[in-house]
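Visitor: Chains as they are written, first to last, in the numbering used here: chain A, 436 to 578; chain B, 436 to 578; chain C, 436 to 578; chain D, 436 to 578.
Just so you know, the hints here were simulated from the structure itself, not pulled from any lab data. Bear in mind that the values here come from a model prediction, so they are computed numbers and not experimental data. One or more hints might be untrue.
Identical copies carry no separate label here, and so any pair may be met within one copy or between two of them.
[Unchecked claim] In silico DSBU-like cross-links for lysine-lysine, where the CA-CA straight-line distance does not exceed 35 Å:
1) Lys480 with Lys540
2) Lys560 with Lys478
3) Lys540 with Lys478
There are 4 protein chains.
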Amino acid sequence: MTDLNFALAQSALERQPFSEPLGAELISFDAHGVELRLPIQDKHKQQHGFVHGGVLAYLADNALTFAGGSALGSAVVTSGFTINYLRPGQGTALLAKARVVHAGKTQAVCQCEVFVLGAAGEAPKLCAVAQGTIAAIDVPKSA
Amino acid sequence: MTDLNFALAQSALERQPFSEPLGAELISFDAHGVELRLPIQDKHKQQHGFVHGGVLAYLADNALTFAGGSALGSAVVTSGFTINYLRPGQGTALLAKARVVHAGKTQAVCQCEVFVLGAAGEAPKLCAVAQGTIAAIDVPKSA
Amino acid sequence: MTDLNFALAQSALERQPFSEPLGAELISFDAHGVELRLPIQDKHKQQHGFVHGGVLAYLADNALTFAGGSALGSAVVTSGFTINYLRPGQGTALLAKARVVHAGKTQAVCQCEVFVLGAAGEAPKLCAVAQGTIAAIDVPKSA
Amino acid sequence: MTDLNFALAQSALERQPFSEPLGAELISFDAHGVELRLPIQDKHKQQHGFVHGGVLAYLADNALTFAGGSALGSAVVTSGFTINYLRPGQGTALLAKARVVHAGKTQAVCQCEVFVLGAAGEAPKLCAVAQGTIAAIDVPKSA
Numbered sequence: 436m437t438d439l440n441f442a443l444a445q446s447a448l449e450r451q452p453f454s455e456p457l458g459a460e461l462i463s464f465d466a467h468g469v470e471l472r473l474p475i476q477d478k479h480k481q482q483h484g485f486v487h488g489g490v491l492a493y494l495a496d497n498a499l500t501f502a503g504g505s506a507l508g509s510a511v512v513t514s515g516f517t518i519n520y521l522r523p524g525q526g527t528a529l530l531a532k533a534r535v536v537h538a539g540k541t542q543a544v545c546q547c548e549v550f551v552l553g554a555a556g557e558a559p560k561l562c563a564v565a566q567g568t569i570a571a572i573d574v575p576k577s578a
Numbered sequence: 436m437t438d439l440n441f442a443l444a445q446s447a448l449e450r451q452p453f454s455e456p457l458g459a460e461l462i463s464f465d466a467h468g469v470e471l472r473l474p475i476q477d478k479h480k481q482q483h484g485f486v487h488g489g490v491l492a493y494l495a496d497n498a499l500t501f502a503g504g505s506a507l508g509s510a511v512v513t514s515g516f517t518i519n520y521l522r523p524g525q526g527t528a529l530l531a532k533a534r535v536v537h538a539g540k541t542q543a544v545c546q547c548e549v550f551v552l553g554a555a556g557e558a559p560k561l562c563a564v565a566q567g568t569i570a571a572i573d574v575p576k577s578a
Numbered sequence: 436m437t438d439l440n441f442a443l444a445q446s447a448l449e450r451q452p453f454s455e456p457l458g459a460e461l462i463s464f465d466a467h468g469v470e471l472r473l474p475i476q477d478k479h480k481q482q483h484g485f486v487h488g489g490v491l492a493y494l495a496d497n498a499l500t501f502a503g504g505s506a507l508g509s510a511v512v513t514s515g516f517t518i519n520y521l522r523p524g525q526g527t528a529l530l531a532k533a534r535v536v537h538a539g540k541t542q543a544v545c546q547c548e549v550f551v552l553g554a555a556g557e558a559p560k561l562c563a564v565a566q567g568t569i570a571a572i573d574v575p576k577s578a
Numbered sequence: 436m437t438d439l440n441f442a443l444a445q446s447a448l449e450r451q452p453f454s455e456p457l458g459a460e461l462i463s464f465d466a467h468g469v470e471l472r473l474p475i476q477d478k479h480k481q482q483h484g485f486v487h488g489g490v491l492a493y494l495a496d497n498a499l500t501f502a503g504g505s506a507l508g509s510a511v512v513t514s515g516f517t518i519n520y521l522r523p524g525q526g527t528a529l530l531a532k533a534r535v536v537h538a539g540k541t542q543a544v545c546q547c548e549v550f551v552l553g554a555a556g557e558a559p560k561l562c563a564v565a566q567g568t569i570a571a572i573d574v575p576k577s578a
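My request is simple: use the sequences and hints to build the entire structure.
Guide: So this is what it looks like as structure tokens:
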């Protein structure tokens with residue numbers, strides 16, 4: 436169905452100069468969806484000590500794109516997405532879970548839940564939900 | 436109308452640990468809207484050499500939030516937003532222009548255009564549009 | 436938690452002059468969410484013979500609002516929502532299922548799936564997904 | 436650029452079984468954008484006497500689609516859109532103004548403002564803003 440697997444997706448993530456220093460890690464990538472994890476550090480925060488909305492948006496964008504790629508292949512771009520923030524991002528790590536809701540030949544609609552993880556034993560808390568559209572792009576075979 | 440002015444908004448931006456290393460600069464903050472500029476560096480890119488969608492989303496989120504703050508005051512959070520990517524982010528800098536479309540007492544709807552700037556003399560190109568909702572939050576007076 | 440139950444929600448739906456002639460019916464309204472059904476008629480269509488996107492948007496908007504009401508009470512308005520259309524609406528009826536993703540005191544974020552039902556024995560097909568924000572409004576006690 | 440003009444767009448609108456009884460009228464259709472007008476009637480309302488959100492969503496959806504058609508031609512579908520409601524729809528008519536923000540070969544991003552018109556001499560009030568994506572579809576030449 437697609438040329439993407441866990442190893443290739445992980446390699447794509449590692450080759451994103453923006454993702455590497457942020458610390459995003461690919462946790463899973465299969466037919467059930469995509470999980471990206473981001474251990475929360477001070478550098479991810481805004482002036483009130485919570486995770487910056489931009490970090491949540493970044494993580495959702497990336498998880499949606501990889502989910503789209505799981506259906507459409509590696510040559511995809513995110514056309515756009517909507518994110519709703521539910522609670523302040525405060526904890527030890529973020530976990531974004533994205534899945535394909537519907538995929539055609541050239542476009543996939545995906546949804547993503549971003550959880551914030553707390554101390555050991557604490558249940559993950561949903562802190563953002565996102566919905567977006569990923570499009571396949573034509574690339575030269577040599578690309 | 437609000438307790439926010441250019442100097443305070445600039446200070447808020449500088450106190451965002453996530454924004455500082457990214458290099459976002461407040462260019463204007465007044466009744467006409469908010470402008471944030473981000474000189475493009477390699478660290479902002481994804482694996483294909485374009486600005487990462489997460490950077491565009493971050494910049495739009497931040498510009499929308501500051502625009503909301505211009506109407507509602509400094510104690511605001513972004514409830515959510517929608518972003519559509521229009522073209523690859525490729526150039527020397529990003530410029531996000533956000534404005535208030537409608538503000539009530541506790542909520543403002545704002546829109547944002549993100550332009551990519553090229554070489555001197557080149558016209559800015561619109562590379563993303565966003566629309567979002569910013570909510571006033573209750574904070575203790577001492578906060 | 437809320438003053439809304441199935442009978443009151445059904446009554447609210449029946450008192451919507453826009454909903455009544457369209458034929459929307461409340462199927463369920465409980466802690467698990469809200470279901471609205473709309474038997475497809477010719478009057479719901481666009482020029483190509485499919486259900487008009489506006490009908491899908493109307494049904495999603497209404498289901499999201501009722502879901503928000505299940506958490507926040509009857510005095511709510513929909514602040515906004517996003518809808519993605521997945522496939523043409525073609526069949527015998529639409530079924531919108533909405534649920535609360537997160538509710539605070541004054542705002543709820545809800546998601547909705549709109550299915551199109553076909554001939555007996557056919558599996559329902561997902562034809563749109565929506566995500567929106569519902570806000571509680573202050574109303575005089577006598578309202 | 437496109438096979439659509441005012442007369443053809445008007446004809447398409449008239450051939451929408453859902454639009455005709457609602458009373459939507461095409462006011463303008465040119466390079467500057469699209470305007471749809473809807474005289475408010477009781478049948479457009481919800482239980483509180485305001486225009487139903489579904490009517491605003493329908494009108495925005497339709498205006499966005501026609502705007503997309505002005506760039507991409509008559510064979511288009513709306514992929515999805517986001518709408519924010521700003522104030523209750525109360526007045527004599529709705530006026531939706533949509534324009535193309537960016538168009539590629541197969542996709543256009545459009546924005547729409549929905550105004551509510553009041554008594555003669557009153558300024559139109561912005562009551563909703565929407566942003567959406569319209570996609571060109573392949574149709575057989577004979578279609």
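Visitor: All hints are to be evaluated individually against the structure, with a verdict given for each.
Guide: Hints, verified against the model:
no., hint, result
1, Lys480 with Lys540, "between (38 Å within a copy, 25 Å between copies)"
2, Lys560 with Lys478, "both (21 Å within a copy, 30 Å between copies)"
3, Lys540 with Lys478, "between (39 Å within a copy, 31 Å between copies)"
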